[in-house]
Amino acid sequence: MQKTTKKYFPIFVLPTLIAFFIAFVIPFFWGVYLSFCKFKTIKKAEFVGFDNYIAAFKNDNFVNSFKFTVIFAIVAVIVINVAAFTLAVLLTQKVKGTNLFRTVFFMPNLIGGIVLGYIWNSIFNSILKSYSTTIANDAKYGFWGLIILMSWQLIGYMMIIYIAGLQNVPTDLKEAAQIDGASRWQQLRKITIPMVMPSITICLFLSVSNCFKLFDQNLSLTGGAPQRKTAMLALDIFDTFYGNNTSKGIGQAKAVLFFLLVGIIALTQLFFTRRKEVEQ
Amino acid sequence: MSTKKKIKNIIVFILLLFLAIAFLYPIFFVVINSFKGKLFISDAPFALPTSETFVKFNNYVMGIEKTGFFNAMKWSLIITVCSVLLIIIFTSMTAYWITRVKGKFSNILYYLFVFSMIVPFQMVMYTMTQLADRMHIRNPAGMILLYLGFGAGLSVFMFCGFVKSVPIEIEEAAMIDGCNPLQTFFKVVFPILKPTAITVAILNAMWIWNDYLLPYLIIGFSDYQTIPVRVQYLVGSYGNFDMGIMMAVLVLSILPIIIFYTFCQKFIIEGVVAGAVKG
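Protein chains in written order, with the numbering used here: chain X, 1 to 280; chain A, 281 to 559.
Keep in mind that the hints were calculated from the coordinates and are not lab data.
Just so we're clear, the structure is a prediction, and the values are computed from it rather than from any experiment.
Quick reminder that beta carbons are idealized off the backbone N, C-alpha and C, glycines included.
A hint or two may mislead.
[What the hints assert, rightly or not] Taking lysine-lysine and the DSS-like style, the derived pairs with C-alpha atoms no more than 30 Å apart in a straight line are:
| hint | chain 1 | residue 1 | chain 2 | residue 2 |
| --- | --- | --- | --- | --- |
| 1 | X | Lys3 | A | Lys474 |
| 2 | X | Lys190 | A | Lys286 |
| 3 | X | Lys44 | X | Lys67 |
| 4 | X | Lys7 | A | Lys467 |
| 5 | A | Lys474 | X | Lys7 |
| 6 | A | Lys286 | X | Lys6 |
| 7 | A | Lys444 | X | Lys3 |
| 8 | X | Lys7 | A | Lys384 |
| 9 | X | Lys96 | A | Lys467 |
[Unchecked claim] Some residues of chain X that are not near chain A, with every Cβ distance over 12 Å (derived):
| hint | residue |
| --- | --- |
| 10 | Lys6 |
| 11 | Pro15 |
| 12 | Ala19 |
| 13 | Ile26 |
| 14 | Trp30 |
| 15 | Val75 |
| 16 | Ile78 |
| 17 | Phe106 |
| 18 | Asn121 |
| 19 | Ile160 |
| 20 | Thr192 |
| 21 | Asp216 |
| 22 | Lys229 |
| 23 | Gly251 |
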């Protein structure tokens with residue numbers, strides 16, 4: 001059977017593979033090569049070794065966007081996950097209207113980043129107007145604006161995953177603990193949290209990688225204003241390519257570094273989930 | 281139920297109700313302002329429209345005209361629907377072949393697809409645009425091809441996980457009965473894959489419908505602009521864009537998603553959970 005199926009390679013695999021090579025494989029390796037080249041237009045690429053990488057590390061915008069992204073990710077991940085977990089606990093108490101609440105909390109997740117950014121941009125600017133300022137005036141506003149926006153978008157998403165995890169906690173375990181005299185807090189810490197650990201790992205990494213790769217919301221909420229202070233990594237890379245007149249090689253080198261960073265996060269996730277699977 | 285528990289439930293309910301109102305407020309804000317004249321939006325943004333500030337559907341009419349909204353919606357729909365269909369058909373076939381034909385080549389392909397999932401778009405964005413330019417595929421058909429390529433990673437990965445659980449005996453029986461592999465796949469295997477296909481379709485549809493950067497780079501300066509590209513183009517590039525019209529356009533862009541969500545919310549929520557757990 002394997003042999004007959006094997007002959008059907010051109011029908012089963014080739015269409016996907018051609019598209020995959022055009023969209024991903026060729027651009028990926030070409031991109032790695034170009035990160036070692038100096039070029040403004042692609043026809044005049046000149047090999048320069050690690051110069052682009054050195055330039056990227058010396059670039060203030062890049063270093064700032066790196067710092068901004070890391071701090072943003074830490075704060076956002078904590079806020080989002082604590083809120084999502086709390087909501088999930090509240091929604092598994094069998095109160096009336098649970099389904100409707102779940103639907104409402106999840107909804108913002110479906111709205112695209114660009115539209116989301118402009119919705120919040122108009123709200124923040126309407127509030128800040130009474131203090132005669134705008135969100136583009138101070139990096140502090142942009143930072144907390146992005147936190148609020150991302151919380152609004154991701155809390156529902158993470159909540160859904162936590163609910164799925166919480167529903168898998170066997171009720172007899174909790175009842176046994178209750179009979180043994182465990183307080184609510186003890187039950188949460190000693191039973192619920194260890195049992196939903198897989199969901200926690202998934203949510204942590206999903207929110208980390210979502211925050212690190214953020215682009216659309218960043219572009220539409222602040223666009224990096226004031227003075228690129230609120231530009232995150234993805235936006236800074238975009239601006240290096242298409243914004244100013246520097247060598248695009250630096251942009252590509254930044255992109256490779258960005259890829260390595262995101263890759264390390266993903267590998268750590270794999271490591272943690274694998275280890276959890278062994279334990280169970 | 282004890283009285284204590286009843287009181288607790290009421291408190292939780294009220295708390296959730298307040299949170300739900302807070303969650304819905306941003307959408308409510310945009311909707312009420314989409315019915316006001318632009319001067320009144322900056323004067324009293326949080327007030328409901330009054331007889332003085334109410335402008336009926338003027339903002340919507342102007343917004344649809346100025347943005348060519350229906351044209352953008354048409355291209356968004358065409359690109360999303362075609363891409364999702366192609367992704368479902370081709371990646372499920374690829375996943376089937378990779379899982380059933382064992383060997384080094386299949387393994388390499390599998391890991392290449394998985395690898396592509398962790399690479400951020402910025403890594404390939406410039407070279408991919410250059411390649412698309414040289415191949416003259418900066419049009420909707422090219423977009424669909426590129427979405428098949430970008431969507432392949434996650435979709436192949438998810439289908440592979442499921443194909444493994446399909447009992448091979450059924451396929452062997454079909455083959456003995458004279459089906460060729462293509463018939464076996466579509467008549468026997470694909471129907472079993474349906475739940476995964478729905479999940480994959482929903483995840484890809486949500487991504488493609490809302491995607492901004494890829495369509496911006498490939499067809500951003502043509503007549504084929506999708507909704508997110510159009511919104512960014514109009515609202516982002518002119519700082520003094522009429523606020524009332526902007527609000528109307530924002531409402532119009534989230535309306536199709538909300539309608540879709542009300543009808544398929546069960547599938548969407550289940551699909552997202554399945555996707556998150558596997559991805």
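Legend entry - Claimed clearance of chain A by Ile78(X), with the beta carbon kept past 12 Å: It holds; Ile78(X) is separated from chain A by about 18 Å at its closest Cβ, greater than 12 Å.
Inset, instruction - Mind checking the alpha carbons of Lys190(X) and Lys286(A) for me, to see if they're no more than 30 Å apart? - result: holds (26 Å)
Legend entry - Check on Trp30(X) being off the interface with chain A, judged by Cβ distance over 12 Å: Check fails; 4 Å does not lie beyond 12 Å.
Inset, instruction - Sort out whether Lys7(X) lies within 30 Å of Lys474(A), counting only the CA atoms. - result: holds (25 Å)
Legend entry - Pair hint outcome, Lys3(X) versus Lys474(A) [Cα-Cα no greater than 30 Å]: Holds - the C-alpha atoms of Lys474(A) and Lys3(X) are around 26 Å apart, at most 30 Å.
Legend entry - Given as non-interface: Val75(X), which should sit over 12 Å from chain A by C-beta: holds (20 Å)
Legend entry - Cβ separation check - Lys6(X) to all of chain A, threshold 12 Å: violated (5 Å)
Legend entry - Straight-line alpha-carbon gap Lys7(X) to Lys467(A), limit 30 Å: holds (19 Å)
Legend entry - Non-interface claim for Ile26(X), where every Cβ of chain A lies beyond 12 Å: violated (6 Å)
Legend entry - Satisfaction of hint between Lys384(A) and Lys7(X), Cα-Cα up to 30 Å: Holds - the C-alpha atoms of Lys384(A) and Lys7(X) are around 16 Å apart, at most 30 Å.
Inset, instruction - Please work out if Lys44(X) and Lys67(X) have their alpha carbons no farther apart than 30 Å. - result: Not satisfied, since the Cα-Cα distance of roughly 33 Å exceeds 30 Å.
Legend entry - Hinted pair Lys286(A) and Lys6(X), Cα distance within 30 Å: violated (63 Å)
Comparing the model with each numbered hint stated earlier shows that hints 3, 6, 9, 10, 11, 12, 13, 14, 17, 18, 19, 21, 23 do not hold.
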